[in-house]
Amino acid sequence: MSLENKEFKPKIVAFCCNWCSYAGADLAGSSRLSYPADVKIIRVPCSCRVNPMFILRAFEKGADGVIMCGCHPGDCHYSTGNYYARRRMTLLFSMLDYIGVENGRTRVEWVSAAEGVKFSETMNSFVEKIYSLGENVRLGDLRCKK
Amino acid sequence: MQEVVNRAKELLADGTVARVLGWKAGDLPYNPEPAYFETAEALEDFVYNGFCGANLSKYMIEASKLEGKTLVCLKPCDTYSFNQLIKEHRVDRDKAYIIGVGCKGKLDIERIKKQGIKGIESIEGAEITDAADTLKVHTIYGEKTCAYADAMLERCHVCKGKDHMIYDELIGESKETKDGERFDEVARIEAMSPEEKFAFFQSELSKCIRCNACRNACPACSCRKCVFDSNKFDSSQKANVDTFEEKMFHIIRAFHVAGRCTDCGECSRVCPQGIPLHLFNRKFIKDIDELYGEYQAGEDTESKAPLTNYTFEDAEPSIVGKRG
Amino acid sequence: MYKIAKKDLSALFHLIADSQELYLPVKTAGQTNFAAWTEDAEVDLDTLKTVKSAKDAFFPQSEGLYTVKKEGKKMSVEPQTLKEQDFVVFGMKACDVKGIEVLDNVFLTDPVDTFYAARRDHGTIVAMACHEPEETCFCKVFGVDAAQPASDVAVWTVGEDLFWKALTEKGETLTAAVKELLSDADEAAVEAEKEAIHKIVEKLPYMNLSLEGWNGDALTEKFDSPIWEELYKPCLACGTCTFVCPTCQCYDIKDYTAGNSVSRYRCWDSCMYSDFTMMAHGNNRTSQMQRFRQRFMHKLVYYPANNDGMYSCVGCGRCVEKCPSALNIVKVVKAFQNQGGEK
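So the sequences go chain by chain: X, P and G. Just so you know, we're using UniProt numbering here: the first sequence kicks off at 1 and counts up by one. Just so you know, we're using UniProt numbering here: the second sequence kicks off at 1 and counts up by one. Just so you know, we're using UniProt numbering here: the third sequence kicks off at 1 and counts up by one.
These aren't lab readings, by the way, just hints derived from the structure by calculation. Computed from a predicted model, the values in this text were never measured in an experiment. For glycine and all other residues, C-beta sits at the position ideal for the given N, C-alpha and C. Incorrect hints may appear among the rest.
To be verified - Cut-off 27 Å, straight-line C-alpha distance, at most; resulting in silico cross-link-like pairs (DSSO-like, lysine-lysine):
(1) G/K6 to P/K113
(2) P/K232 to P/K207
(3) X/K11 to G/K74
(4) P/K118 to G/K6
(5) X/K11 to G/K69
(6) P/K207 to P/K197
(7) P/K162 to P/K304
(8) G/K199 to P/K118
(9) P/K197 to P/K322
(10) G/K70 to X/K9
(11) X/K145 to P/K197
(12) X/K145 to G/K74
(13) X/K11 to P/K322
(14) P/K144 to G/K194
(15) G/K74 to X/K61
(16) G/K199 to P/K144
Claimed, not checked - Among the chain G residues that face chain X by a calculated CB cut under 10 Å, a handful are:
(17) T67
(18) Y256
(19) T257
(20) A258
(21) G259
(22) N260
(23) S261
(24) S263
Could you build the full structure based on these sequences and the hints that come with them?
As structure tokens, this is what we get:
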């Protein structure tokens, strides 16, 4: 499915942990691998730093999709952070699905510092998914849309 | 509940406890209020009947800070909350003398009124010594009857069991009230399409008036400064400007208590708009049971809460999209 | 006096809604509250008390005040337009109407709250007499007659008919607009209904509550009383009482940042909350006892002192029904009555 619907510019927020996925994003950049400019990266020290409120606030302020990237389980820079993050995000995504938010709007991907290719591929496929889902209307604050 | 009153008087008289935390008769037949009693005379107003639905563990958070021990009457479901509070260092076990009181199911006046019963003057059949199968209601508009089971709180229909998890002594007999499965309603919603789910929760949550009764009644919500009470946080604690704010509060609150919620049902009981808030908390409990092993918060004071724990083989978040 | 058959009410609502907004009790997901009328709304005129009072129609829970927008380097301030559309609130009860009177004393005295004033100007109130008052009602204690609401139009349900009588000029205007659906009626049936209502009111448990000793002069005596220390204990500080109350009027003003704009809005506040009237130096009421005391002193002492003895409670009984800890204004009044007794 190609990105034809140019009227709709999806806004994606990506929480990337500093040690693995942010470095992976850097690598994607220096390898000249492209991924859509719609993705805004927020660097956090560890995926464990991501509070479920961050995800909801991103949706509130107009994000159409939120993705969290961290080190592979077992390789966390702080040894165990991403294990907690994994549990937290699973429960949060399950709750969002439960209240009717399309579950393609959220994703977790483990990307290491050497995986520039994986980073750009992940972002490309996520943006495409969001294009197909359309604008986020179920979990946004209308005051931010005006 | 004379036995409880007598025992309370004994313990007050010999100095074991400095006060008694129980219920005081209200002026209507169905509104007893949680109250402290410090003398034997005051205890003449003590009641314990089918309308005493409040979870007194919540009040123990403040009572633990007072001088001397407090005698507290806990129903079976309340004891789970108390254990959980011990685990979180919110109550002092040594400051509490727990009488585990028997329970035959607690009543919801809203359910009685929904059957068209109003102008209530008195209610028979709600005493703890009664058989708890029928209620006779004397009203200005005539005599009405109501089956006890039809008037019970939702949480009593899926009772976890009448065993007390923690107590110093037990008084009073209980009666099994469970006649439904805890996760049936959650499973029913899970099976809906996203549009149906969204429509269901929209219609329920649009009633929310952000009164914060659910948060304030919840024993697990004991933060001295709630995140929603901050001026810096956009989602004000009292405004309902927008459909997002309605959902935000409830999802976040359920998340904050996830793994710590004992499913005591207070949130749904106190909601003035009758929103089935337990559906959020039970969803988390069901997920935790399925993904991380069966866990009942408050069963003991030792086990680690699921969200402060992990295994190397935990499910990936993508499982959410793959489940049926 | 006019009447209309109950089965023709939806035609009446249709007619009103054609030219104005119409708010009436609508049942959504099991609860009845005032909401805008639509074709498929489940109108519920049988439930005596809506969960939230009708004050929302004149003093909404959230209301925008102005928005500041940023476009490039330009900033523009857009004030919220005041209410210009006429509307009708149908189905309020006598206690709700008295509640609006209480709010009028607050918002319509100098300096006038323009948002509230605009709504009051454009709103017409059609109030229903209470066919079957309930045990939680005590409006008579505060001088409210459940059988005779003091609104623009008063209606009574008697058997299969709804009787209609205009009491003010606004009421006459509305009556003229819907005249085609109404038929002339005799006052007699309504008199019988009013008597029946009065008889029921006499039997209600709270109707003989005495307010003796509660007035503007009792300030120091009531304020310093040790009874408050006992009364407040079960209070969870949740704020339910303030949100369902028809007369509570405190509000907070907040700013919401939405990226390119900031909107300033006001929303209901509750004196039960710990950050109520919090200022730069902190809070003037730091304990729940003080906050609890303040609420009832306001309703029974401070407000009468400022408003010629009129109380800021209308006896609707919503706090009695909805408090999670079963506290309410009746228990407070009774506790002071029993001062000599065991409390």
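Okay, the hints, checked on the actual structure:
| no. | hint | result |
| --- | --- | --- |
| 1 | G/K6 to P/K113 | holds (24 Å) |
| 2 | P/K232 to P/K207 | holds (26 Å) |
| 3 | X/K11 to G/K74 | holds (25 Å) |
| 4 | P/K118 to G/K6 | holds (22 Å) |
| 5 | X/K11 to G/K69 | holds (21 Å) |
| 6 | P/K207 to P/K197 | holds (16 Å) |
| 7 | P/K162 to P/K304 | holds (24 Å) |
| 8 | G/K199 to P/K118 | holds (16 Å) |
| 9 | P/K197 to P/K322 | holds (18 Å) |
| 10 | G/K70 to X/K9 | holds (21 Å) |
| 11 | X/K145 to P/K197 | holds (24 Å) |
| 12 | X/K145 to G/K74 | holds (19 Å) |
| 13 | X/K11 to P/K322 | holds (25 Å) |
| 14 | P/K144 to G/K194 | holds (25 Å) |
| 15 | G/K74 to X/K61 | holds (22 Å) |
| 16 | G/K199 to P/K144 | holds (20 Å) |
| 17 | T67 | holds (8 Å) |
| 18 | Y256 | holds (6 Å) |
| 19 | T257 | holds (9 Å) |
| 20 | A258 | holds (4 Å) |
| 21 | G259 | holds (6 Å) |
| 22 | N260 | holds (9 Å) |
| 23 | S261 | holds (7 Å) |
| 24 | S263 | holds (6 Å) |
The structure fails none of the hints (numbered hints given earlier).
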